[in-house]
Amino acid sequence: MLHDYKIANLEIPELAQTIADKFSIWPQVTAVVLAGSRTIRPTDELSDFDLYLYVDRELHPDIREKIAIEISDRYEINNQFWEPGDELIDRETGCGVDIMYREPEWIEQQIDRLLLEHQASVGYSTCFWWNVLTSEILYDRDGWFQKLQETADRPYPEPLRQAIIAKNHPILRDNLSSFHHQLASAISRQDSISIVHRTAALLSSYFDIIFAINCIPHPGEKRSIELAKNLCSKLPKDFEWQIESVTNRVSLLGGDRSILAATDKLIDGLDELLIQENLITPQLP
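Heads up, the sequence shown is in the numbering used here, so the first residue is 6 and it goes up one at a time.
Simulated from the structure, these hints should not be mistaken for laboratory data. Since this is a predicted model, take the numbers as computed values, not measurements. Errors might be hidden in some of the hints.
As the list claims (entries may be wrong) - Estimated spans, in silico, between C-beta atoms of each pair: (1) 243 x 148: 41 to 51 Å; (2) 273 x 124: 41 to 51 Å; (3) 186 x 148: 43 to 53 Å; (4) 186 x 243: 20 to 30 Å; (5) 281 x 65: 51 to 61 Å; (6) 74 x 282: 24 to 34 Å; (7) 123 x 252: 24 to 34 Å; (8) 263 x 99: 34 to 44 Å; (9) 242 x 181: 20 to 30 Å; (10) 263 x 152: 46 to 56 Å.
Note that beta-carbon positions come from the ideal geometry of N, C-alpha and C, so glycine has one too.
Start from the sequences, fold in the hints, and give me the full structure.
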């Protein structure tokens, strides 16, 4: 299934492999993989290297700092803002490197939650699945990560597809708590910050549905339009234009109400596709 995405980049960057080799000598490290934009074609040369270290117990920050010092003059160790991780700038190339630490059991639970329990989220439901599928193995002590990829490399479960649509479609416009309703309230208040937040949230659920319709794991927040066009055979009419019609209105001072008309057209186009695919039933007038 992985090869159907046409995203695998088989050339392992020397910098990524060098860092993986430095970590691989420590017994706590189960696997090191490269993921993110650097494993998707065309490669995003502006993106940092995203390295994921799967560790069965903590790799002490002092050890991590010693490795960072070998290759970097600018680094931060043990950041806790998102996943636990380290950030550094490679001394020779100037490339940024994000190193994130995960427990093997945790990522196994995330995959089971999706593929066995079919649990959806509000936006980005299947990103961890994509992350595992598209990771390039740099070190795999006992073959654990390869087995995880083999487990994850399966057809898209129809119950998961249905769950993502059921979770994300009503909050686009149908419910009183929908993003469209919240956006209208923000415009009435001329609350520009809230307008940005609600628009971003609406689009995250919109893309979650788009990838689910096409039975494609969600590739994450970057290059969404480009990846949808490359990976998805089923898209709403005027897909790119409809999205840009929304995003171009976000910056209007105080929130022009025309963004509501643009979001209505965006959601209308999505509804047409969902009805065409027999994934929702048409609403009676």
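Results for each hint:
1. For residue 243 and residue 148, the Cβ-Cβ distance of about 47 Å falls inside the hinted range of 41 to 51 Å, so the restraint holds.
2. Taking the beta carbon of each, residue 273 and residue 124 are about 29 Å apart, not inside 41 to 51 Å as hinted.
3. Between residue 186 and residue 148 the Cβ separation comes to about 50 Å, which falls inside the hinted range of 43 to 53 Å.
4. Under the hint 20 to 30 Å, the C-beta atoms of residue 186 and residue 243, about 24 Å apart, fit the expected range.
5. The beta-carbon spacing between residue 281 and residue 65, approximately 55 Å, falls within the hinted interval of 51 to 61 Å.
6. Between residue 74 and residue 282 the C-beta distance comes to about 54 Å, which lies outside the given range of 24 to 34 Å.
7. One distance hint, 24 to 34 Å for the beta-carbon pair residue 123 and residue 252, holds here, with the actual separation near 31 Å.
8. The supplied range of 34 to 44 Å is met by residue 263 and residue 99, whose beta-carbon atoms lie about 42 Å from each other.
9. Checked against the hint of 20 to 30 Å, the pair residue 242 and residue 181 passes, with Cβ atoms roughly 28 Å apart.
10. Between residue 263 and residue 152, the C-beta spacing of about 52 Å keeps the proposed range 46 to 56 Å intact.
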